[in-house]
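> Please arrange chain Z on chain C, whose structure you already have, making use of the hints.
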Amino acid sequence: MSAANAAPITATDSLTQALKANIIPNQEYLLQGSVLDSAVEVLLHRLRGLCDNVDAGPETFDDQEVCFSLRDPNQQAAPLMLRVRKALDARDMPFQLRYIGQPDLGDKNRPTVVRSSLDIACSGMLIEFLNELGCRIEFEYSVKGYMFRKGRMKITVAKVFKISQSAMPPEPISQSYLVELSVLAPTGQDAIAEDMRAFADQLRPLVQLDKIDYKRLGHMPS
Amino acid sequence: MGVTVLQQFPVPENKTGTYVIEMLSKRILALGATQQGQFLVDCESYLSHPQMGTTKTVHILHNSEQPASVFSILESGNKNIHVIADGLFDLFMIKLSQHYTSKKQTKIESKGPRFELGDFCIKLGSVTMNQSFKGILIEVEYRPCVTANAVWGLLREFLQGLLGSSTVIQPPQHLKNRMSEIYTPIDTVHQYLELFSAYRKTTALRVQ
Numbered sequence: 062m063s064a065a066n067a068a069p070i071t072a073t074d075s076l077t078q079a080l081k082a083n084i085i086p087n088q089e090y091l092l093q094g095s096v097l098d099s100a101v102e103v104l105l106h107r108l109r110g111l112c113d114n115v116d117a118g119p120e121t122f123d124d125q126e127v128c129f130s131l132r133d134p135n136q137q138a139a140p141l142m143l144r145v146r147k148a149l150d151a152r153d154m155p156f157q158l159r160y161i162g163q164p165d166l167g168d169k170n171r172p173t174v175v176r177s178s179l180d181i182a183c184s185g186m187l188i189e190f191l192n193e194l195g196c197r198i199e200f201e202y203s204v205k206g207y208m209f210r211k212g213r214m215k216i217t218v219a220k221v222f223k224i225s226q227s228a229m230p231p232e233p234i235s236q237s238y239l240v241e242l243s244v245l246a247p248t249g250q251d252a253i254a255e256d257m258r259a260f261a262d263q264l265r266p267l268v269q270l271d272k273i274d275y276k277r278l279g280h281m282p283s
Numbered sequence: 066m067g068v069t070v071l072q073q074f075p076v077p078e079n080k081t082g083t084y085v086i087e088m089l090s091k092r093i094l095a096l097g098a099t100q101q102g103q104f105l106v107d108c109e110s111y112l113s114h115p116q117m118g119t120t121k122t123v124h125i126l127h128n129s130e131q132p133a134s135v136f137s138i139l140e141s142g143n144k145n146i147h148v149i150a151d152g153l154f155d156l157f158m159i160k161l162s163q164h165y166t167s168k169k170q171t172k173i174e175s176k177g178p179r180f181e182l183g184d185f186c187i188k189l190g191s192v193t194m195n196q197s198f199k200g201i202l203i204e205v206e207y208r209p210c211v212t213a214n215a216v217w218g219l220l221r222e223f224l225q226g227l228l229g230s231s232t233v234i235q236p237p238q239h240l241k242n243r244m245s246e247i248y249t250p251i252d253t254v255h256q257y258l259e260l261f262s263a264y265r266k267t268t269a270l271r272v273q
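Read top to bottom, the protein sequences are chains C and Z.
Its first residue numbered 62, the first sequence is counted upward by one per residue in my numbering.
Its first residue numbered 66, the second sequence is counted upward by one per residue in my numbering.
Simulated from the structure, these hints should not be mistaken for lab results.
Nothing here was measured: the structure is a model prediction, and the numbers come from that model.
Fair warning: there could be bad hints in the mix.
[What the hints assert, rightly or not] Cut-off 25 Å, straight-line C-alpha distance, at most; resulting in silico cross-link-like pairs (SDA-like, lysine to any residue): (1) C:K223 - C:L239; (2) C:K215 - C:E189; (3) Z:K80 - Z:M194; (4) C:K220 - C:Q163; (5) Z:K160 - C:Q136; (6) Z:K169 - C:T77; (7) C:K147 - C:E241; (8) Z:K241 - C:K276; (9) Z:K266 - Z:E140; (10) Z:K172 - Z:D252; (11) Z:K121 - Z:L161; (12) C:K215 - C:M154; (13) C:K215 - C:D180; (14) Z:K241 - Z:T122; (15) C:K147 - Z:T249; (16) C:K81 - Z:I159; (17) C:K81 - Z:T166; (18) C:K276 - C:P172; (19) Z:K169 - C:P247; (20) Z:K121 - C:K220; (21) Z:K160 - C:E201; (22) C:K81 - Z:S167; (23) Z:K160 - C:Y275; (24) Z:K160 - C:R144; (25) Z:K91 - Z:Q72; (26) Z:K168 - C:S75; (27) Z:K172 - C:N66; (28) Z:K168 - C:A138; (29) C:K81 - Z:D107; (30) Z:K241 - C:M186; (31) Z:K160 - C:A138; (32) Z:K121 - C:K272; (33) Z:K160 - C:P164; (34) Z:K172 - Z:R208; (35) Z:K160 - C:S237; (36) C:K215 - C:A138.
Extracted from the complex, chain C is given alone in its bound form (with noise of 0.2 Å):
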């Protein structure tokens, strides 16, 4: 009785409990891609080959996201980069609200990206209440395309839309596909970037799975 009647533990401390038992998936490693149109049925045919939900076919996902960003009120840091995730195949899904930090390349011994990531799923009018905390929109796009599985690894294979102001279907962004493979691990899970890299490899030639620097690419003549 006296046990069943204990107070509860507060939400600081089990945050603080979890924070110390390194059990929150804060950190993102990364591999990216890209692949023509043209060429995505085989990289599909491959990847239903090797990944592990297969029998129900390669899962179809939709997706709008809207970027934030919120300024550093002492100018001295870069601004805050927020994401905002809806399902627009399945609309009683919660949000999805992410915040992602500056990602680290490593030397070239490193086999992914890695970059900390918090993924917060959050109901009601979360588009609202970041506008309102002061966030401005930056851009949005759709998303859309195939996720498939393989362990811990989360492969998706998607094409990035325009959001089209009128009823004109959205117009896409290029003739390819984004082809991205992550894994949202705790602090410190270091081999699972290996596993990364072994899979990477044995979707060559298809696809060409690398660390994409975007800081180059934001410096290359358009």
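Here is chain Z on its own, set in the frame of chain C:
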């Protein structure tokens, strides 16, 4: 999930909070209720950085009745916008620490025994801010119903039976405009925030 009413209970002169909680516990047990654990509702408020313009407040609340959720209410002018999120929202607030700073000294909570009596669930909370006692909040939930107007008469009668027939029981401010809407856990959280804010203000007056 049913409809919940949160009611303040005045602590008589020369009596302590513990005494009142014990007295009410005895009354509830005499009605045939059984104690089912303890409960805790807490609230921490974050203020926006002065350079961000108009001051905005983000209130973060947790309720042991919904242990996997974090309730966040953003107060901006006369608008209140809420978001219900999973536990990692607390870590998100740490990421926002440059923009929103916690007013630690106003961290406030209500905790105490939780009773079940047939379709009712009763919680007797003593409210503390910074370890100092502020008052008593009584939460009564009628679980089989989801709209406040359908059950308001019953809840009022139950509360009067418990607190004495002379007690005037009004629907909480937050519920007044939502009596016919479907009641959800965020409505309970709004009621706590209303009363917590009132307790915080009384402190400020006493200090003056």
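> Are the hints correct? Go through all of them and say.
For each hint, the structure was consulted:
1. Straight-line distance between C-alpha atoms of K223 (chain C) and L239 (chain C) comes to about 14 Å, which keeps the hinted pair within the 25 Å bound.
2. In summary, the hint linking K215 (chain C) to E189 (chain C) is not supported, as the alpha carbons are separated by about 30 Å, beyond the 25 Å threshold.
3. Under the criterion of a C-alpha separation no larger than 25 Å, the hint pairing K80 (chain Z) with M194 (chain Z) is consistent with the structure, at around 19 Å.
4. Using a Cα cut-off of 25 Å, the hinted pair K220 (chain C) and Q163 (chain C) holds, with the two alpha carbons roughly 24 Å apart.
5. At most 25 Å may separate the alpha-carbon atoms for a hinted pair to count; K160 (chain Z) and Q136 (chain C) meet this at roughly 16 Å.
6. For the proposed pair K169 (chain Z) and T77 (chain C), the alpha carbon gap of about 17 Å is at most 25 Å, so the pair holds.
7. A hinted pair counts as satisfied when its Cα atoms are at most 25 Å apart, and K147 (chain C) with E241 (chain C) qualifies at roughly 18 Å.
8. Annotation: proposed proximity of K241 (chain Z) to K276 (chain C) is violated, straight-line Cα distance about 54 Å (limit 25 Å).
9. A distance of roughly 16 Å separates the Cα atoms of K266 (chain Z) and E140 (chain Z); the hinted pair therefore holds under the 25 Å criterion.
10. Taking the CA atoms of K172 (chain Z) and D252 (chain Z), the gap is about 20 Å. The hint holds against a cut of 25 Å.
11. For the given pair, K121 (chain Z) sits about 13 Å from L161 (chain Z) by alpha-carbon distance, which is consistent with the 25 Å threshold.
12. Only pairs whose Cα atoms come within 25 Å are accepted, and K215 (chain C) paired with M154 (chain C) is accepted, the gap being roughly 19 Å.
13. Of the supplied pair hints, the one linking K215 (chain C) and D180 (chain C) holds, its CA atoms being roughly 15 Å apart against a limit of 25 Å.
14. Using a Cα cut-off of 25 Å, the hinted pair K241 (chain Z) and T122 (chain Z) holds, with the two alpha carbons roughly 24 Å apart.
15. Of the pairs offered as hints, the one joining K147 (chain C) and T249 (chain Z) holds, with about 22 Å between alpha carbons and a cut-off of 25 Å not exceeded.
16. For the suggested pair K81 (chain C) and I159 (chain Z), the alpha carbons sit about 16 Å apart, so the restraint of at most 25 Å is met.
17. For the hint pairing K81 (chain C) with T166 (chain Z), the CA-to-CA distance comes to about 23 Å; that is within 25 Å, so the pair holds.
18. Note on K276 (chain C) and P172 (chain C): the hinted pairing holds, with a Cα-Cα distance of about 18 Å set against a maximum of 25 Å.
19. Distance check on the hinted pair: K169 (chain Z) and P247 (chain C) sit about 29 Å apart at the alpha-carbon level, beyond 25 Å; violated.
20. Between K121 (chain Z) and K220 (chain C) the CA atoms are separated by roughly 38 Å; this puts the pair beyond 25 Å, and the hint is violated.
21. Distance restraint check for K160 (chain Z) and E201 (chain C): the Cα-Cα separation of roughly 22 Å lies within the 25 Å cut-off, and the hinted pair is therefore satisfied.
22. Restraint check for K81 (chain C) and S167 (chain Z): satisfied, since their Cα atoms lie roughly 22 Å apart, inside the 25 Å limit.
23. A C-alpha spacing of about 22 Å is found between K160 (chain Z) and Y275 (chain C), which places the hinted pair at or below 25 Å, so the restraint holds.
24. With a CA separation close to 14 Å, the supplied pair K160 (chain Z) and R144 (chain C) stays within the 25 Å bound.
25. A threshold of 25 Å between alpha carbons decides the hint, and for K91 (chain Z) with Q72 (chain Z) the separation of about 18 Å falls inside it, so the pair holds.
26. Our distance criterion of 25 Å between C-alpha atoms is met by K168 (chain Z) and S75 (chain C), whose separation comes to about 21 Å.
27. For the hint linking K172 (chain Z) to N66 (chain C), the alpha-carbon distance of about 24 Å falls within 25 Å, and the restraint holds.
28. Under the criterion of a C-alpha separation no larger than 25 Å, the hint pairing K168 (chain Z) with A138 (chain C) is consistent with the structure, at around 23 Å.
29. Proposed proximity of K81 (chain C) and D107 (chain Z) is supported: the alpha carbons are some 22 Å apart, at most 25 Å.
30. Pair hint K241 (chain Z) plus M186 (chain C) holds up; C-alpha atoms about 22 Å apart against a cutoff of 25 Å.
31. Restraint check for K160 (chain Z) and A138 (chain C): satisfied, since their Cα atoms lie roughly 12 Å apart, inside the 25 Å limit.
32. Annotation: proposed proximity of K121 (chain Z) to K272 (chain C) is violated, straight-line Cα distance about 40 Å (limit 25 Å).
33. In summary, the hint linking K160 (chain Z) to P164 (chain C) is supported, as the alpha carbons are separated by about 16 Å, within the 25 Å threshold.
34. Our distance criterion of 25 Å between C-alpha atoms is broken by K172 (chain Z) and R208 (chain Z), whose separation comes to about 29 Å.
35. In summary, the hint linking K160 (chain Z) to S237 (chain C) is not supported, as the alpha carbons are separated by about 35 Å, beyond the 25 Å threshold.
36. A distance of roughly 32 Å separates the Cα atoms of K215 (chain C) and A138 (chain C); the hinted pair therefore is violated under the 25 Å criterion.
Comparing the model with each numbered hint stated earlier shows that hints 2, 8, 19, 20, 32, 34, 35 and 36 do not hold.
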